[in-house]
Amino acid sequence: MFIRNAWYVAAWADEISAKPMARRICNEPVVLYRDATGKAAALIDMCCHRGAPLHMGKVVEQGIECGYHGLIFDTDGACVRIPGQDRIPERARVRSFPLVEQDGFLWIWMGDVEKADPADIVSYPWHNDSVNWPHKHTMYPIKASAMLMVDNLMDLTHLGYVHGSTIGGNPMIHVEAKMETVRTNMGLKFTRWMLNSVPPPTYTRAVKFEGRIDRAQMFEFVAPGSILQLSAADDAGAYANGLTERSKIQFRLYHGLTPETDTTCFYFWSTANGFRPEDSATTEQLFKEIAAAFLEDKAIVESQQARLTELGETDLVDITTDAARMHMRRTVDRLIAEDSREMAAE
Amino acid sequence: MFIRNAWYVAAWADEISAKPMARRICNEPVVLYRDATGKAAALIDMCCHRGAPLHMGKVVEQGIECGYHGLIFDTDGACVRIPGQDRIPERARVRSFPLVEQDGFLWIWMGDVEKADPADIVSYPWHNDSVNWPHKHTMYPIKASAMLMVDNLMDLTHLGYVHGSTIGGNPMIHVEAKMETVRTNMGLKFTRWMLNSVPPPTYTRAVKFEGRIDRAQMFEFVAPGSILQLSAADDAGAYANGLTERSKIQFRLYHGLTPETDTTCFYFWSTANGFRPEDSATTEQLFKEIAAAFLEDKAIVESQQARLTELGETDLVDITTDAARMHMRRTVDRLIAEDSREMAAE
Amino acid sequence: MFIRNAWYVAAWADEISAKPMARRICNEPVVLYRDATGKAAALIDMCCHRGAPLHMGKVVEQGIECGYHGLIFDTDGACVRIPGQDRIPERARVRSFPLVEQDGFLWIWMGDVEKADPADIVSYPWHNDSVNWPHKHTMYPIKASAMLMVDNLMDLTHLGYVHGSTIGGNPMIHVEAKMETVRTNMGLKFTRWMLNSVPPPTYTRAVKFEGRIDRAQMFEFVAPGSILQLSAADDAGAYANGLTERSKIQFRLYHGLTPETDTTCFYFWSTANGFRPEDSATTEQLFKEIAAAFLEDKAIVESQQARLTELGETDLVDITTDAARMHMRRTVDRLIAEDSREMAAE
Numbered sequence: 001m002f003i004r005n006a007w008y009v010a011a012w013a014d015e016i017s018a019k020p021m022a023r024r025i026c027n028e029p030v031v032l033y034r035d036a037t038g039k040a041a042a043l044i045d046m047c048c049h050r051g052a053p054l055h056m057g058k059v060v061e062q063g064i065e066c067g068y069h070g071l072i073f074d075t076d077g078a079c080v081r082i083p084g085q086d087r088i089p090e091r092a093r094v095r096s097f098p099l100v101e102q103d104g105f106l107w108i109w110m111g112d113v114e115k116a117d118p119a120d121i122v123s124y125p126w127h128n129d130s131v132n133w134p135h136k137h138t139m140y141p142i143k144a145s146a147m148l149m150v151d152n153l154m155d156l157t158h159l160g161y162v163h164g165s166t167i168g169g170n171p172m173i174h175v176e177a178k179m180e181t182v183r184t185n186m187g188l189k190f191t192r193w194m195l196n197s198v199p200p201p202t203y204t205r206a207v208k209f210e211g212r213i214d215r216a217q218m219f220e221f222v223a224p225g226s227i228l229q230l231s232a233a234d235d236a237g238a239y240a241n242g243l244t245e246r247s248k249i250q251f252r253l254y255h256g257l258t259p260e261t262d263t264t265c266f267y268f269w270s271t272a273n274g275f276r277p278e279d280s281a282t283t284e285q286l287f288k289e290i291a292a293a294f295l296e297d298k299a300i301v302e303s304q305q306a307r308l309t310e311l312g313e314t315d316l317v318d319i320t321t322d323a324a325r326m327h328m329r330r331t332v333d334r335l336i337a338e339d340s341r342e343m344a345a346e
Numbered sequence: 001m002f003i004r005n006a007w008y009v010a011a012w013a014d015e016i017s018a019k020p021m022a023r024r025i026c027n028e029p030v031v032l033y034r035d036a037t038g039k040a041a042a043l044i045d046m047c048c049h050r051g052a053p054l055h056m057g058k059v060v061e062q063g064i065e066c067g068y069h070g071l072i073f074d075t076d077g078a079c080v081r082i083p084g085q086d087r088i089p090e091r092a093r094v095r096s097f098p099l100v101e102q103d104g105f106l107w108i109w110m111g112d113v114e115k116a117d118p119a120d121i122v123s124y125p126w127h128n129d130s131v132n133w134p135h136k137h138t139m140y141p142i143k144a145s146a147m148l149m150v151d152n153l154m155d156l157t158h159l160g161y162v163h164g165s166t167i168g169g170n171p172m173i174h175v176e177a178k179m180e181t182v183r184t185n186m187g188l189k190f191t192r193w194m195l196n197s198v199p200p201p202t203y204t205r206a207v208k209f210e211g212r213i214d215r216a217q218m219f220e221f222v223a224p225g226s227i228l229q230l231s232a233a234d235d236a237g238a239y240a241n242g243l244t245e246r247s248k249i250q251f252r253l254y255h256g257l258t259p260e261t262d263t264t265c266f267y268f269w270s271t272a273n274g275f276r277p278e279d280s281a282t283t284e285q286l287f288k289e290i291a292a293a294f295l296e297d298k299a300i301v302e303s304q305q306a307r308l309t310e311l312g313e314t315d316l317v318d319i320t321t322d323a324a325r326m327h328m329r330r331t332v333d334r335l336i337a338e339d340s341r342e343m344a345a346e
Numbered sequence: 001m002f003i004r005n006a007w008y009v010a011a012w013a014d015e016i017s018a019k020p021m022a023r024r025i026c027n028e029p030v031v032l033y034r035d036a037t038g039k040a041a042a043l044i045d046m047c048c049h050r051g052a053p054l055h056m057g058k059v060v061e062q063g064i065e066c067g068y069h070g071l072i073f074d075t076d077g078a079c080v081r082i083p084g085q086d087r088i089p090e091r092a093r094v095r096s097f098p099l100v101e102q103d104g105f106l107w108i109w110m111g112d113v114e115k116a117d118p119a120d121i122v123s124y125p126w127h128n129d130s131v132n133w134p135h136k137h138t139m140y141p142i143k144a145s146a147m148l149m150v151d152n153l154m155d156l157t158h159l160g161y162v163h164g165s166t167i168g169g170n171p172m173i174h175v176e177a178k179m180e181t182v183r184t185n186m187g188l189k190f191t192r193w194m195l196n197s198v199p200p201p202t203y204t205r206a207v208k209f210e211g212r213i214d215r216a217q218m219f220e221f222v223a224p225g226s227i228l229q230l231s232a233a234d235d236a237g238a239y240a241n242g243l244t245e246r247s248k249i250q251f252r253l254y255h256g257l258t259p260e261t262d263t264t265c266f267y268f269w270s271t272a273n274g275f276r277p278e279d280s281a282t283t284e285q286l287f288k289e290i291a292a293a294f295l296e297d298k299a300i301v302e303s304q305q306a307r308l309t310e311l312g313e314t315d316l317v318d319i320t321t322d323a324a325r326m327h328m329r330r331t332v333d334r335l336i337a338e339d340s341r342e343m344a345a346e
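Residue numbers (this note's numbering), protein chains in the order written: chain A, 1 to 346; chain B, 1 to 346; chain C, 1 to 346.
In case anyone wonders, no lab produced these hints; they're calculated from the structure.
Careful, some of the hints might be misleading.
Same chains, same label: a pair holds when it works inside one copy or across any pair of copies.
Dumping the calculated DSS-like pairs for lysine-lysine here, alpha-carbon to alpha-carbon at most 30 Å [as the list claims (entries may be wrong)]: (1) LYS58 - LYS248; (2) LYS19 - LYS288; (3) LYS298 - LYS143; (4) LYS298 - LYS19; (5) LYS58 - LYS298; (6) LYS298 - LYS115; (7) LYS143 - LYS19; (8) LYS248 - LYS39; (9) LYS19 - LYS248.
Bear in mind the structure is a predicted one, so any value in this text is a computation, not a measurement.
With the sequences and hints as input, model every part of the structure.
Structure representation (structure tokens):
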């Protein structure tokens, strides 16, 4: 069960070229490509003639040409050529999906086309600011539902257990972090404060801290699958009146979870270096450390999915640190219910 | 859904020896082997004692011996020995399938035994004529239904799209080929004329044509799964009154599609060199070029099967070039219906 | 369908350490580990918080710590720590399974806990007698049901067919072996006498026999999955009055079959050298020969399982040599029925 009337990350913009690419999104086979003008498009990945996948075809002047018998479709999915006949029947078309290129992402809409409003797309301007926030990005395919990956990011107490040997450090710093939570229409924001704490090894390596530090992590979940994260740290006392405009350590993470099937998803993520932007080695190092840590998340969440697929979630016990996760789930459930109501009303 | 009362290619005759071989045909596990006299036989691949597959046993004097507890079966499937007891119960037998060796094929009958008439088997004498039609053959396992592979051969407009870089050449030559079609009781025959056309690179390499050429392709589909093909080419004008007895280029292809399961099949095919039969390099080269081209068919048809398995065929749109394919499908549907009627009448 | 109220081998004792190990037993995911005191324990392999498998966690002072959010469970499955909160709710617990370490095995009970009586566990003292019966052991994962593997050991006529080139030798020696069978409450015992027979090659290599030999094999099946085997051989005439206390060749095999799923199992087996116990090369050689032979059983039984999964057992024909196997099956069916009756009565 997915939220259908919503924008999902279909791909990084630089993943898609004139060479068509297949990707399953919300359980539908989609072909992503750029037409002869460079415009990115998304169609159902199946020719309406004999069902061959369009990603096995190629982009030609008039559109995407099926690799089996040569039918050509434009970016709206209309057939514009059938070899061997002049008349093109009305029915000769394939489904097309609204697709918007913005901030280095390709955003796709899998629901009712008339509800697709690009104004609803999450803005992430830091991807466009290579001077102050140079970034790197990639995608991990995950054998777990998008929801389990969002869960993972809503309960950061996992840091000390899953990432003990990488970015986590001492578990109790994370368990005892002070949480400030604000609910929003499309999700929630929370800040985790870890004031006057021992710096984790990775921070000490990056910056020569003299003693204890103040740390803050700000997260915003925006349904259906975006999490915007800002992490910052400075000398102890610096955050006495809240986060300062600039910190000795500050970086941003974008997390985008897009369902592939009910039990698999794509994890699009980026790291942006905001504290030593002129130093490309720091930008690289940040990406490298996060890449290793996220493989740890992938491993635990995939094994969690296997258990839940087999045994279900009904006997699970919620605990105190699940508060943000539970609010996120209620938001998602509400939006799925709205989808259903709208479909019923039509 | 398969035609059951029909002969299918079970194997190339030279694939089968005294060493038993397992092959699933029309969804049934079959063991193929030659008994002590060299006679090829086909039994259900499961011992009637404890269910072990007979292909794990071996051929002995009296028949095929199960590799688990030593029961022996003759080529009719009757148990002729049970170690440890003298009496052999009536029920101790396994299903046997009519199997006929002819023209280098082993033909199997998966339907009602009393309807199996070897006279109905497709004749392919060229396999026996190594002087005038030296041939080579092989089998490709295909992850698509036999019907999708027959479809592929009934609409040759795919040549320019699937085989553009191999045997196809310019798409429009194939799209605009003149078709002459004749319906038959067990399928159809059609000839494709491409007169006064530019020779494809492979033809030019084989024969030093001076200019344009006349090309012809003759196809005959015989249900359930045989397609007999003759391809020929000569100097432009040569076919003004139809195909000549001998052409500068002429070769035959046999295509045999045998269902393994509903969505997989075996593709038995051969190439016979009829224009330079004394030159074994030409025989080899012909086989090699076709082998590469058929891998292209395999790739597109397998990906087509994946889409049809998921999304079905109901929304597909037929086009003009589907005419032969549609007639073929109607023939197959009629024969499946006859199977059902006969079974209901029994 | 398994017998549930019974002890199964969960693991060799030396397989389990403080590093948790996942193993599916009777279709349930189990985690096996030793706590800080070295005591072996078995819990359901799924945390009650968010469903992560406990085998991805680690053993700490208080118990096994979930690798996701740090909950800790003791060997009874009670949660003893939840990071971030003081109160531990009653429901925060996972299922634990009775586990007994004995004779080098870890025995697990998958049924009603109150019926678990360690006195019912099969005794196998030879594993503790490294002076007179030095042994070696291992486990083979088998893609067939535990029942098919027990079947295999109840009809030894398979020796000449499956193991003809290894430990089997001439098939007819095994087919004509004289069987003495005694039924027991939990299964049956049988002895196979092969008096005055030609020694198999492996025996001749081990002992310089002058001529023919007397051989005996004693098997005891104890439900649900243990088979205790003693094999012995001496000069012809030696067993005129039954087995002697000591034979020129004598070795013991333990076979333990534990269901993993309905169609897969674990085959725990050991070989104990009782005829040249001081010679470690003999102990090694015995293990090596049996290891090769049991791979032959694995191959035939796995292929048998594939056929029975597809085509069922209903049309199979029992033969004379199936007597012991059929009695074993009746015993197992009775115990499964008792399980059901007890569950219905509760």
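**Report entry** Hints breached by this structure
**Finding:** 1, 6, 8 and 9
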